[in-house]
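K.L.:
Here is how the chains run, residue by residue.
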Amino acid sequence: MKNKILPFSVIIIFGIIFFIFYKGLEDSKIYTPDVNTKKEIPMFNTKEFFSLENVKSSSIFELDKIYLLNIWSSWCVPCRQEHPFLMSLNLDNKLNIIGMNYKDNLKNAENFLKELGNPYKGIFIDLDGTIAIEWGAYGVPESFLIYNNEIIKKYIGPLNQELVDEINLLIK
Amino acid sequence: MKFLRFFLIAILLFPLSSINAEENDKRNKITKNLRCLICQGQSVYDSDSEFANSLKIVVDKKLQEGLSDDQIYEYFKTKYGEWILYDPGINKNTYILWLLPLLIFLIGGAIIYKHFIVKK
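Which chain is which? The protein sequence lines are A and B, in order. Numbering-wise, the first sequence is residues 8 to 179 according to the numbering used here. Numbering-wise, the second sequence is residues 2 to 121 according to the numbering used here.
Please note that the accuracy of each hint is not assured.
Dumping the calculated DSS-like pairs for lysine-lysine here, alpha-carbon to alpha-carbon at most 27 Å [as the list claims (entries may be wrong)]:
#1 B:K62 / A:K161
#2 A:K46 / B:K3
#3 B:K93 / A:K30
#4 A:K110 / B:K62
#5 A:K161 / B:K80
#6 A:K45 / B:K30
#7 A:K63 / B:K80
#8 B:K57 / A:K54
#9 A:K161 / A:K54
#10 B:K57 / A:K46
#11 A:K110 / B:K30
#12 B:K80 / A:K46
#13 A:K110 / B:K63
#14 B:K62 / A:K63
#15 A:K63 / B:K63
#16 A:K161 / B:K57
These aren't lab readings, by the way, just hints derived from the structure by calculation. Remember, predicted model here, so these are calculated numbers, not experimental data.
The shape of chain A in the complex, shown without the other chains (with noise of 0.2 Å):
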C-alpha cells in the first residue's frame, strides 16, 4: 500500500504541472488590450498643432458628439497606409477626426498633411509620448471611437477598408 502512494502522488504532480505549463502554452504573451471597455476620456493640457497654442482636452472634445482620435506621426510606415482611410471616414458629416501628433517633427509632419492631405477637424500634438500614456495606448497608430466622452472603442493598429465599414455602422 505504502509503495504505492508515493508513485501515485508523483505522476499527480506531475500531471498537473504538464497541465499548467501546457495551458501556458497556449497563452498570448504579448500584450493583447482591452478594445470594448468603457473608460471616461482622459484630462489632459497640450497644444495645438498649427498654432501651438495652449489647449485643454475638455476643449476639445464636446458631449453628443462622435470622435475620432487618431494617433499619427510623419515616421510611421503604417500611418501612411491608414491615410486614405481616414479621407474617406471624413466625407461623413457625423464623424470628427481629431489627430493626435505623437513624438514628430513638427515640419515633417506638415509635409506629411501637405502630401497626403488633411482628414483631421482638429489636431494637437503630444511630443513626449506621455499623452498618449493617459490614453492608455502603447504605439501608433492607433484610433479611439469617443461618445460623451467615453471610449466606446478602440483600434489598434492601422484601419483598414473592414474597420472603416465597422465604424461607420458603428456611428450610424
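Given the coordinates of chain A, work out where chain B should sit on it, guided by the hints.
P.N.:
For chain B alone, coordinates are given in the frame of chain A:
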C-alpha cells in the same frame, strides 16, 4: 575667503544631489517592475523604445506630484491592465500561481510524513 566660498557651494550642492539620487533610485525601482508592452521580455527600465521612454517620463512626473509607489502602479494598472505589472495580485487568473507552491509543499509534506514519521 576662497575656502569659505568653496565650502558654501559644497554645502549647497550636496543635499540637492542626494535628493536627486533618491528620486532616481525610486524611479528605477518602479520602472523595473513595469513590463515594456511592446518589447518582449524586457522591463521598462531595460528598454529604450519610444513607449518605454515616455513611460519613464510619466513615472518621473508622478513622483514629482508626490504619488506613492502603489499609487503609480495602480495608475498604470487602470491604463493598461494587470499585464503591465511584473508582480501580479491574486485574482481568478493568478490564484493557481499563488496557491500551487503551497499545495505542492503540503503534498510533499504529507509524503514525507507518511514515509518517514509514520514508519517509525
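K.L.:
If a hint holds in the structure, say so; if it doesn't, say that too.
P.N.:
Verification of the supplied hints:
1. B:K62 / A:K161: At roughly 26 Å apart (the allowed maximum being 27 Å), K161 of chain A and K62 of chain B satisfy the hint.
2. A:K46 / B:K3: 61 Å, violated
3. B:K93 / A:K30: 15 Å, holds
4. A:K110 / B:K62: With a Cα-Cα distance of about 18 Å, the restraint between K110 of chain A and K62 of chain B holds, given a limit of 27 Å.
5. A:K161 / B:K80: Distance of about 13 Å is within 27 Å: holds.
6. A:K45 / B:K30: It is violated: about 32 Å lies between the C-alpha atoms, which goes past 27 Å.
7. A:K63 / B:K80: With a Cα-Cα distance of about 20 Å, the restraint between K63 of chain A and K80 of chain B holds, given a limit of 27 Å.
8. B:K57 / A:K54: Satisfied, since the Cα-Cα distance of roughly 21 Å is no more than 27 Å.
9. A:K161 / A:K54: 23 Å, holds
10. B:K57 / A:K46: Holds, because 24 Å separates the two Cα atoms, which is no more than 27 Å.
11. A:K110 / B:K30: Measuring from Cα to Cα gives roughly 26 Å; hence the hint holds.
12. B:K80 / A:K46: Judged against 27 Å, a Cα distance of about 10 Å means the pair holds.
13. A:K110 / B:K63: With a Cα-Cα distance of about 20 Å, the restraint between K110 of chain A and K63 of chain B holds, given a limit of 27 Å.
14. B:K62 / A:K63: Holds - the C-alpha atoms of K63 of chain A and K62 of chain B are around 18 Å apart, at most 27 Å.
15. A:K63 / B:K63: 19 Å, holds
16. A:K161 / B:K57: Satisfied, since the Cα-Cα distance of roughly 24 Å is no more than 27 Å.
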